[in-house]
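Peer 1: Knowing the structure of chain Z, use the given hints to seat chain F on it.
Chains Z and F, in that order, are what the protein sequence lines are.
Taking our numbering, the leading residue of the first sequence gets 30, the next gets one more, and so forth.
Taking our numbering, the leading residue of the second sequence gets -18, the next gets one more, and so forth.
None of these hints come from the bench; they were simulated from the model.
The beta-carbon is built from N, C-alpha and C at its ideal position, and this holds for glycine as well.
Keep in mind that a hint or two might mislead.
[Stated by the list, open to error] Residues from chain F shown here face chain Z by an in silico Cβ test under 7 Å; the list is partial: (1) P20; (2) M22; (3) T67; (4) F71; (5) Q81; (6) F84; (7) G87; (8) L90.
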Amino acid sequence: RKEVEQDPGPFNVPEGATVAFNCTYSNSASQSFFWYRQDCRKEPKLLMSVYSSGNEDGRFTAQLNRASQYISLLIRDSKLSDSATYLCVVQTNTNAGKSTFGDGTTLTVKP
Amino acid sequence: NAGVTQTPKFRVLKTGQSMTLLCAQDMNHEYMYWYRQDPGMGLRLIHYSVGEGTTAKGEVPDGYNVSRLKKQNFLLGLESAAPSQTSVYFCASSYSDRVQAFFGQGTRLTVV
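Here chain F stands alone, though its shape is the one from the complex:
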């Protein structure tokens, strides 16, 4: 029972490079989320999805894009990475919007 799986776990990018973070969940959840967490801070919502084919902006969407082509996958893209995007990225999923979310183990991204 994998739950929520994020790939990769670690990545170092140069400024201006692009990359895609993959989140996969095997719980048949409708809702999926991408958060970033900076040192000493809580999680801030980047984008979220309430179902296959839908996406919506969260609190800090600038510089990121997402896609939810399949229910089980939620992709987060950085088109042109900047040092300010150095962070830990967490993906999460839930079966509705009022219950607990299950988190992936995180992706530690460093942009140099």
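Next up, chain Z with everything else stripped away, as it sits in the complex:
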């Protein structure tokens, strides 16, 4: 079983739709969680960190469920520019400097 698992998709949604991605992790010692966005043939860039209380940034909401060991990303009112691959990243305190990346979920927003 992979340490971090994501639904690869692809998710194809119309503009204005709401879409949600989940990411499960296997290491209960995991402490830090992030969502990165990666455009085609580009480097990953941080979209948002995921806090225990959940956090929101505009149209994006991230949630953490420690009991079930998953994090989620909700995108409301999808835009064409949201089309990208979204990477879930999990860090553990026992591996200093080590992040485990999910394989990514691909989102395509269509007109």
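Peer 2: Okay, now just chain F, sitting in the frame of chain Z:
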């Protein structure tokens, strides 16, 4: 403000050749990382460094070596390239191990 810079951006190697990928960051970060990304997959950690003069193995270290002689630079070496090392290589840096990492633009390496 350059951030993280990788050189070269593209390279084609013949099997058995060697090369060094250079990563430079100007953010005074302690932590630096080398990842590889294969089609349809996430990033896999090759080696990382938690400070100048230190290196550690990641998930897929075989066939690679690294050095961190200066805080701002992290070098990735391939001593004898193999077709299985065809990939996109990303360097990243962060100021600690629990915050976001900043990535370079990647190096597309093809080994024929």
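Peer 1: Holds or violated: the hint that F84 (chain F) contacts chain Z, with Cβ atoms closer than 7 Å.
Peer 2: holds (4 Å)
Peer 1: Does M22 (chain F) pass the interface hint, meaning its C-beta sits closer than 7 Å to a C-beta of chain Z?
Peer 2: With Cβ-Cβ at 5 Å, under 7 Å, it holds.
Peer 1: Regarding the hint that L90 (chain F) lies at the interface with chain Z, is the smallest CB-CB distance below 7 Å?
Peer 2: It is violated, given that the least Cβ distance between L90 (chain F) and chain Z is near 14 Å, above 7 Å.
Peer 1: Does Q81 (chain F) meet its interface restraint, that is, does its C-beta lie within less than 7 Å of any C-beta in chain Z?
Peer 2: Nearest chain Z Cβ about 4 Å off; hint holds.
Peer 1: Next item in the hint list is T67 (chain F). Is there a CB on chain Z closer than 7 Å to its CB?
Peer 2: It is violated, given that the least Cβ distance between T67 (chain F) and chain Z is near 15 Å, above 7 Å.
Peer 1: Can we keep the F71 (chain F) interface hint, with Cβ of chain Z closer than 7 Å?
Peer 2: holds (6 Å)
Peer 1: Holds or violated: G87 (chain F) as interface residue toward chain Z, Cβ cutoff 7 Å?
Peer 2: holds (6 Å)
Peer 1: Close enough to count: is the Cβ of P20 (chain F) nearer than 7 Å to one in chain Z?
Peer 2: At about 11 Å, which exceeds the 7 Å cut-off, the nearest Cβ of chain Z leaves the hint on P20 (chain F) violated.
Hints 1, 3, 8 from the earlier list are contradicted by this structure; the remaining hints agree with it.
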